[in-house]
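For the record, the sequence lines run as chains R and S. Everything in the first sequence is counted per this note's numbering, starting at 1 for the first residue and increasing by one. Everything in the second sequence is counted per this note's numbering, starting at 1 for the first residue and increasing by one.
The hints are simulated quantities; they were obtained by calculation from the structure and are not laboratory data. If you're wondering where the values come from, they're calculated on a predicted model, not measured in any experiment. Heads up, a few of these hints could be off.
Heads up, the list lumps identical chains together, so a pair's fine if it works in one copy or across two of them.
In the DMTMM-like style, the derived pairs of lysine to aspartate or glutamate whose C-alpha atoms are separated by at most 25 Å in a straight line are [to be verified]:
1. K171 - E190
2. K224 - E119
3. K3 - D192
4. K175 - D134
5. K175 - E81
6. K149 - E25
7. K4 - D88
8. K224 - D170
9. K193 - D217
There are 2 protein chains.
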Amino acid sequence: MTKKPLILVTNDDGIAAPGIIALTEVMQTLGEVVVVAPDSPQSGMGHAITLNSTLHIEKISDYQYSCSGTPADCVKIAVNEILGRRPDLCVSGINHGSNSSINVIYSGTMSAAIEAGIEGIPAIGFSNLNYNWDANFDASKIHVKSIAKNVLEHGLAQGVVLNVNIPNIDKEAIKGVKICRQARGNWKEEFDKRQTPQGKDYYWLSGRFENYDKGEDTDEWALKNGYVSLVPVQFDLTAHHCIQQLNSWIFNA
Amino acid sequence: MTKKPLILVTNDDGIAAPGIIALTEVMQTLGEVVVVAPDSPQSGMGHAITLNSTLHIEKISDYQYSCSGTPADCVKIAVNEILGRRPDLCVSGINHGSNSSINVIYSGTMSAAIEAGIEGIPAIGFSNLNYNWDANFDASKIHVKSIAKNVLEHGLAQGVVLNVNIPNIDKEAIKGVKICRQARGNWKEEFDKRQTPQGKDYYWLSGRFENYDKGEDTDEWALKNGYVSLVPVQFDLTAHHCIQQLNSWIFNA
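Chain R extracted, bound-state conformation (with noise of 0.2 Å):
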């Protein structure tokens, strides 16, 4: 008989979010699972670590740990100070919104998967797009589960994560699943400026994204096509093809 594979899952909604009941409930039937996520909302964290105050713990139930930390703060804390044991996989989400294109960047549900990987643990998020905490996860963990097995099965390169994104429709309408590239595109800030009752300005972060990209091979493309986009995703940000030419200049003449 064959181990039965660990699974750490996280995210970046927080320990309570639908979302992680949902990837829970899928790990659950894939092998031996235990959640370590953030105790409150952490979106928009990027792949921010806790340097400069305390991490706490709260063991939950048998299987389940909140932390005070950031989404890649947990998968530390989880590798090294709760699981007994190196994970097999570590999933975080689904995240209730979209991760897609230049969103990889903010997100803390990807930061977490990415965090996985640079500890060389095959790791995925998984986003849907549908922003409500009320969200239909029928569907995403359909894919969910079809995505994670595969993984199990084949591994992922070293220095390769998951990015999973999957669009927010009926499941019999999701016509499959396509590997994609990330869409160039980005937030066209609109700042909300308002005034605090003494008059002082202040200002909420707001905006709207915009995809620059016409591909038809991105995850854009895909999601808007009715596609589960998926997106392998490195952390070595070297831009190769920049080299030959930044060779050429000249410093300190």
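Start from chain R and add chain S according to the hints.
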């Protein structure tokens, strides 16, 4: 007469850090400078942005603004609310401490540069390997100026920003600037477990960096051998080399 370039200066150590003062001095020899930097240290913030609280700006002088947000917030709010025109260059730093190898992922300094790059602004993050607040920036200033001049003259390819690290040695000992790739390495965490006066466990995140990369074309090699390292960094994280392999996976079988 040509218009002076507009240069946005930011960092993650906070607006009072010696590193940003040194960086500002250099930039004032190259153009018109506006500083928009965090009002308190933001090390390890990665690409965090502030979504769940408000942002506040204080005008400190004619050209200096402090902001309550993260480094990425500073760039967003500078471009949208403070600068009257689009900056020609954004520089971040000089960070007190290394942002070489995998540190680029956790770095607030680099997240500011990357945010500017996402908005299409040529951008550079500068870091000095000396962690101390009283670090000597004489050597750094020479190379900061030379690299910034090159970027102002040549521009940068779309989707690329520069990650520059400067070794902590005398300026005469620095051999020059080396164009590098990001070394493969990571942090081996060592959680320092303590107890509150009430007997409850808590943790401090610490650890040591390990370089797994023997290449002589890496930033780690350059820094160890007396060079300033310059890594071109991209924020399209797609691992293109994996797409073909992932296309052979069978989903929902």
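Comparing the hints with the structure gives:
no. : hint        : result
1   : K171 - E190 : neither (34 Å within a copy, 44 Å between copies)
2   : K224 - E119 : between (33 Å within a copy, 24 Å between copies)
3   : K3 - D192   : neither (53 Å within a copy, 32 Å between copies)
4   : K175 - D134 : within (23 Å within a copy, 59 Å between copies)
5   : K175 - E81  : neither (41 Å within a copy, 43 Å between copies)
6   : K149 - E25  : within (14 Å within a copy, 55 Å between copies)
7   : K4 - D88    : within (9 Å within a copy, 55 Å between copies)
8   : K224 - D170 : within (14 Å within a copy, 55 Å between copies)
9   : K193 - D217 : neither (38 Å within a copy, 47 Å between copies)
Against the hints set out earlier in the document, violations occur for numbers 1, 3, 5 and 9.
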